Structure formats: structure tokens, C-alpha cells
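2 protein chains.
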Amino acid sequence: MTTTIAPLADTAAPLSPEALVEQLARDGRAAQRVLARLSDAEKAAALRAAAAALRRAEGDILAANARDIAAGEEKGLSAALLDRLRLDPARLAGIADAVDQVAALPDPVGEVLSASERPNGLKLSRVRIPIGLIGIIYESRPNVTADAAALCLRSGNAVLLRGGSEALNSNRAIRAAFAEGLESVGLPPAAIQLVPTQDRAVVGAMLTAAGLIDMIVPRGGKSLVARVQADARVPVLAHLDGICHTYVHAAADAEMARQVTLNAKMRRTGICGAMETLLLDTQFPASETVIASLIDAGCELRGDARAQALDPRVRPAASEDWDTEYLDAVLSVAVVDGVEAALEHIAAHSSHHTDAIVTDDAETADRFLSEVDSAIVMVNASSQFADGGEFGLGAEIGIATGRLHARGPVALEGLTTYKWQVRGAGQTRP
Amino acid sequence: MTTTIAPLADTAAPLSPEALVEQLARDGRAAQRVLARLSDAEKAAALRAAAAALRRAEGDILAANARDIAAGEEKGLSAALLDRLRLDPARLAGIADAVDQVAALPDPVGEVLSASERPNGLKLSRVRIPIGLIGIIYESRPNVTADAAALCLRSGNAVLLRGGSEALNSNRAIRAAFAEGLESVGLPPAAIQLVPTQDRAVVGAMLTAAGLIDMIVPRGGKSLVARVQADARVPVLAHLDGICHTYVHAAADAEMARQVTLNAKMRRTGICGAMETLLLDTQFPASETVIASLIDAGCELRGDARAQALDPRVRPAASEDWDTEYLDAVLSVAVVDGVEAALEHIAAHSSHHTDAIVTDDAETADRFLSEVDSAIVMVNASSQFADGGEFGLGAEIGIATGRLHARGPVALEGLTTYKWQVRGAGQTRP
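These protein sequences, in sequence, are chains A and B.
Numbered per UniProt numbering, the first sequence spans residues 1 to 430.
Numbered per UniProt numbering, the second sequence spans residues 1 to 430.
These aren't lab readings, by the way, just hints derived from the structure by calculation.
Where hints are given, some of them may not hold.
Since the list can't tell identical chains apart, any single copy or any two copies may satisfy a pair.
[Said to hold, decoys possible] Computed cross-link-like contacts, EDC-like style, restricted to lysine to aspartate or glutamate with a CA-CA straight-line distance of at most 16 Å:
no., residue 1, residue 2
1, K222, E42
2, K222, E180
3, K222, E73
4, K222, D328
5, K222, D241
6, K222, E139
7, K123, D387
8, K123, D328
9, K222, E325
10, K123, E340
11, K123, D88
The structure displayed is predicted, hence computed values, not measured ones.
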């Protein structure tokens, strides 16, 4: 049985999910061919026009958001979810300002990545270009609608958005304003499209739309990302887990270790760069202080036997604790016998997002940087710095934990690819 | 029902395909951690040792190959297939020489792709690293065993090879010699492994071994590549089709157009960079000469009505001809009304591998380079130059037609990724 869904406003018959995605993708790809030809200044101007349109549409957007909030309250959404969904004039101003900030970022497109001339006179260059049509699948936060669209457009990509049902009215209003801004500078509104239905089969159709959608970026909880990774036939730029470790080496400065670990865990416990496992070297002399500082700040510690022996407030860890992303004021802690054991623990349990060492020993630091196989490896710094803004990349579309194409914070460059341009004078191959 | 297969020599019970792949992958990943720490000189020395071992093992390898040839003749393999399978002293010397040539290529690992210092003093660098464990799934040519292993090892990757059943004895002998070369310089032989069974379920287990195999490179015919792309959960670096176009613009030099198109089609008809469709501008005055030159060289032309009108020997094209990779002395040919129509035809039918224009008009050339969405776009050159060696990259692992990670000829750089290294002095995030 094929699921059918409500028709688009301008079509007569209901479309299957596959036909709907194909239609949206064809419109988006046609719009992208226009974006691909724009100059840096034209793309920046389009984003400023979109930001202005978002500000002009404040009344419409907040009214649409109020309908989402009312429906969410009726459905009994949690207070936390309602808070993520809620817009107010300040939050909406922040969304528009963020679009202006993306406009001010440097254009990645057109950069010549390499150039050479062959002995036969062929001139080769590799030139950075947009990827094409990017699909974004996300959950409740309506700001993603404008943030993701801005990053895609800045890098010359069209975007097909599929947001959460709770935010449908808000997303529609934001998308309409953004598209109106593009139209005001003569660009096709199909450069930013929103899937017009909440039918979950459309997500499946997006994930298998190879050749129509060039890359999918899932933004949301673990179950969303896992489903996308399992079902996708389209390349996915995703991060699943942030099981981040901090290893306090024997030669760590005691006060630095205390401050860095406290910040890595407790500054914000809900972000993917938050430390989830602390590894204390058996030769590090101030482990009790580090542990006490975390517990005193309100963190629950779950440790192995040697960690429990350091402080009676440390509870026993279960084996699954070493593979758990708490995203909360909870931390697993193990005592390890030297850097080799720390590297082994990290190799076995890290999600390859961000792992850090605290040490004053340069050789050990270099070894850790070299041997830990994670997107981001840090020495003497809080893992909470794992963020595109902190890395100077501007806004980020996400933090990738895969190994190919882009790793760590993914910003404009991660939304581009390249092509080879070859200029000849009639050369034929012998 | 779970398929079981013959046990490895050193295991007691038969392993399921998944368990076999997991065991091979774990051994390969452990070996890769050793490779990741090697210097440029150490990797080069290891490859020279492998080349020497291949030369020493000439007798064993040719004897194994003779068994494959005999079995193939008994099975009734085609003469073309037997020729691809057959090794002789000269071919084996070529395989060993190719390994030495890869040893001489520059090491891509360790290159600093970008470096910056943040206002808070954090020092960031993006450093090129190996991908990890690469799976190669290929068909009958035994030289792929050594070629692919050499490229993977040069870039610090371990490799898991799954070759065709026709070449199993040859592949085993080549792998054994290569591994012996590695062992002779103290490296783990598991850096190069060959799947020890021809059970097709093992291919399926490789394709879904996410987290164990980091990238799969299929090398072979279209049905192999299509199966890999359809079933893989592991990232795939693949090229499916090479439907390459050459557009002869109104302002093309007539003799250059004749020579370039003749070479693009007829130099070797069976390679992926061979021209499969010729687009002749209606304003180009020498179309008859170009067509006659191809037909006189033995090429069958299938054209639209206007192409047929240019030469009575042009047969009518069916609609599927525009989407066919002939890999033979057959060419589809259409007459188009200007560059816009040529770009539209290419957008509709190209496989995004290599497309070329012949023109003396610089503005049209730039437009073609910019707007054609293919991995390689050429001006005034034969599409048969689409090759890693011709691009100065050294040996290639394949030509990628996807959009992410690597496009066009993929050599050592395409077998690497990067990590972020962050050096601090105790910074915590405000």
C-alpha cells in the first residue's frame, strides 16, 4: 500500500511521498542552479534581504508560533519542549541577526583548492562549488529553519527542510518570510522549501532520494539521527553521540585539572561537547580534589572500584556507564594506569567526537593528539570548546562524528565540494 | 537461516559472515593503529619491501595464477576475461614496479590543512590523517590486489580485500608476498588482509560493517557497483557510469573538434572517460567532417533526426541511447541549438563524470566550466584525459562520481581525512 498525502496547493491530485519529494527536489535543484551562479555580494545581499523580511514578518511569525504553543499545551508537551518551541520578539530578533551574521561570513565558493599545469600543457584546477540540494531533518526548534537555510544559501546550496510537527506553523511562517526576502532580490523562493506535510513516509522518501537530494543533515535527538543513518541512501552528515573523555595525566597541573574538568562537565551538561567520562591517572596526586570539586558542584559520579576508593560519595558504575552520553550532571570516572591504559579506554568507549588530556608533559600531549582517533582532540582545554563558533568558523550546521567529507564542527566549508576544471588547447591523449 | 562458512585456519568453529568480517576488521584496525604512527620514510620502505617480496615470490604467484587460469578455462570463461586474469613475468614485474612507484609518491599524512590561534589563546590545527580500514571489493584483475594495498598503505590505511573467485589463488599468493614484505620490516601482516572465502554473504557483511570498515571502494562492473551502493551502510567511494559528453560549440576550431572527438571516442572505447555522446552545435560549420571522421574510424553513430541528416550512415537513436554508456565503438550524436541547449542535454543525461566543450570562445568556455555539474569539466581536450595519472596524482584508487569527500580521480589524498588538534593552557569556556 502506498501512503498518499494531501496535495500541494497547486497540484490537483494527491502525491505519493516519493512523487512529492521528487517534485520538491526538482524545484529545489532548479533554484540551486541559479544560486550557483551568484557572486559573493549577491548571496550576502540575499541573506540580508531575508533577515529584513524576517523582521518585517514578526507579527505573522509570532502569531503562527502562538498557535503551535497552544496546540503543544493542549497535547501536553513538556515545559522544556514548549520552551524550545516558543518564540518572542527577542528570540525572533536573534534569529534575524543570525542570518545577517551568516551574510557577513566569507563565501567559500570559487576558492581554487589546487592548480597545476601538466607537461602536455593541460591546465588543471580544483574549484570549490556548492554541494547542491541539502535536506535538513530536524525536531522542535524553529530557529533551525532560518539558521540552516542561511548556511545553505551562503554556500550556494538550496535547502529542503523537514521540521517537527510541533513547530509546523512557526516553520511555515519563517520559511515564507525567508522566501519573500529572496524574491525581493529576484531569487527563486524554491531555494528554501519546507515539506508541506508531516507524513512520516516523506522522511523515508527523502532518505532514499539518491540523485535528487545530495546530502541529508539530521538535527535532533539520538533516535532521529539513528533512524536517518540506518535508512539513508543519500550521504548523511551526522553526529550520533558525544561520549567525550578527559584524561588527567600524572603530570597534570592539579588546579588546571580541577578547573578544566569542572568546566568540561558542569558549564552546560546538555551539549554534545560536555565531558561524560573522566579518566584519572593512578599517578596523578590530586584526584581527590578533582572528584570533590565535581561532587560539590552537584555532579553525580559513578566510578570503578579505585575511583570509589577516592571518595565515598562516588557510586559504583555499571558496565553500560562507560558507553553512556548522560547529557546531565552525571559523570563516569575511572582510575587508569598511565597513558596507554587511558588510550585503550578511549579507543574502546569514545564516540570519536571530542577527547581531551590535561598534562604538562609535551611528549605525552603529542602522543595523545596523535593517537586518539576523534574528530577533535584537545590538550589542556575544556571539551566544551568543541563548537564552530569557538573554532572561529561562524555558525555551524552541526558537529560531524563520521570520518569522511567533514569532521568536527561543520560550517560553510562542509557544505561545499569541488570540481576539476581542465583547460586545453586541443590536446588528445596518446 | 544464517550462512556459515569454512573456518579460518586458526579458528576452531565455522564463523558467520558477520563474525568473520568483525574478526578481520578488528585485526585490520589493530594493524592500522601501527601504520598510523609510521613516518613517511617507514611507509616508503615498507612498500619497497613489499615490491621486493612480490619479485621474490614470482614462482609462487605465477603457479597460483596458472591454477586460476586452468580453472577458468574449465569453467569456460571468455578469452577477454582470461586475458585480464592472466599473469606472466612481465605483468608481475609491472605490478611490483607499480608498488615501488607508489612508494615514491609524497606522503599525504600529517599535512596541516589549516591552523589558527583563537583570541583566548587556543591553538587549532586541522591535520590530515588516514581514514582507517578500507574495504576493496573487486572482480577479476589480480593486479588490483597489489595496487589497492599499496595506495592504502602509502596513506596509512589498512585494507581488507575481497576479490573475485576467478582470481582467488592469484590474489592469495600476491597478498601473501605483500604481507611477507611488511613483516620483513617489522609491520603487522594484518595491514593487508584478503577475505578467505568466496561466500557472497561476506560481501553483505562488509557493506553493513559500520564502525568496523571506514570506507568501501568497489572496483568492477556496473552491477557490482550498483549492488554496493544500494546495500552499503559504510560510506562508499564509487563511480557508477561514465556517460561523458563532448559539445562542439559554434566557435570551435574545425580540425581541433575533429581530432578531439575522434580521440575522446576511439582511442580506447572501454574506459570510463571515453565520450559516449557527441553534441554538435547547429551553428558549427564542420559537423559533417567530424561525423565522417568517426564513422570512417569504425564507430557506429546513432543520432537524432538532424544528425541523421548530416550523414546517411548515422542510424536513428532510441531514447535510451542518450543514457547509455556503450564502452564500445558506438556513439550517440545530437545537434543542439546553442550552448543553452547543450547545457540542458548534459544536465539531463550526464553521469557527472567528465564532460567537455570544444570552443575558441573564452566566455562560452568559462560558462561551460562553471555550469556543467560534473566531477571533471574540460575545455578543448579529450575526455580520455580523465585519469589520475594524467592529472599528475600518481596511481588512482578509482574515479568518484559522487559529490562528497572526493570527486574525479581519487588518489592518496582521497584515502585520508583530518582531525582537529587543539592545544590550550588550561582554558575553560565562559
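Cα distance capped at 16 Å. Does K222 pair with E180 within a copy, between copies, both, or neither? Result: close neither inside a copy nor across copies, 34 Å intra and 44 Å inter.
Using 16 Å as the alpha carbon limit, work out where K222 and D328 are close: within a copy, between copies, both or neither. within (15 Å within a copy, 49 Å between copies)
If the cut is 16 Å between Cα atoms, do K222 and E42 qualify within a copy, between copies, both or neither? neither (37 Å within a copy, 42 Å between copies)
Quick one: K123 to D387, C-alpha cut-off 16 Å, is that within a copy, between copies, both, or neither? between (38 Å within a copy, 14 Å between copies)
16 Å Cα cut-off: does K222 pair with E73 within a copy, between copies, both or neither? neither (24 Å within a copy, 54 Å between copies)
If the cutoff is 16 Å on CA atoms, where do K222 and E325 land: within, between, both or neither? Let me know, please. Within one copy, since 10 Å is at most 16 Å while 42 Å is not.
My question is about K123 and E340: at a cut-off of 16 Å on alpha-carbon distance, are they close within one copy, between copies, both, or neither? Intra 49 Å, inter 25 Å, cutoff 16 Å: neither.
At most 16 Å between alpha carbons: which applies to K222 and D241, within, between, both or neither? The answer is within: 7 Å in one copy meets 16 Å, while 36 Å across copies does not.
Given a CA cutoff of 16 Å, do K123 and D328 count as a within-copy pair, a between-copy pair, both, or neither? Answer is neither; intra-copy 55 Å and inter-copy 29 Å both fail.
State whether the alpha carbon distance between K222 and E139 is at most 16 Å within one copy, between copies, both, or neither. within (11 Å within a copy, 38 Å between copies)
How do K123 and D88 come out at 16 Å by Cα distance, when the copy is not named: within, between, both, or neither? Classified as neither: same-chain Cα gap 55 Å, cross-chain 38 Å, threshold 16 Å.
Of the numbered hints given earlier, the model fails hints 1, 2, 3, 8, 10, 11; all others are met.
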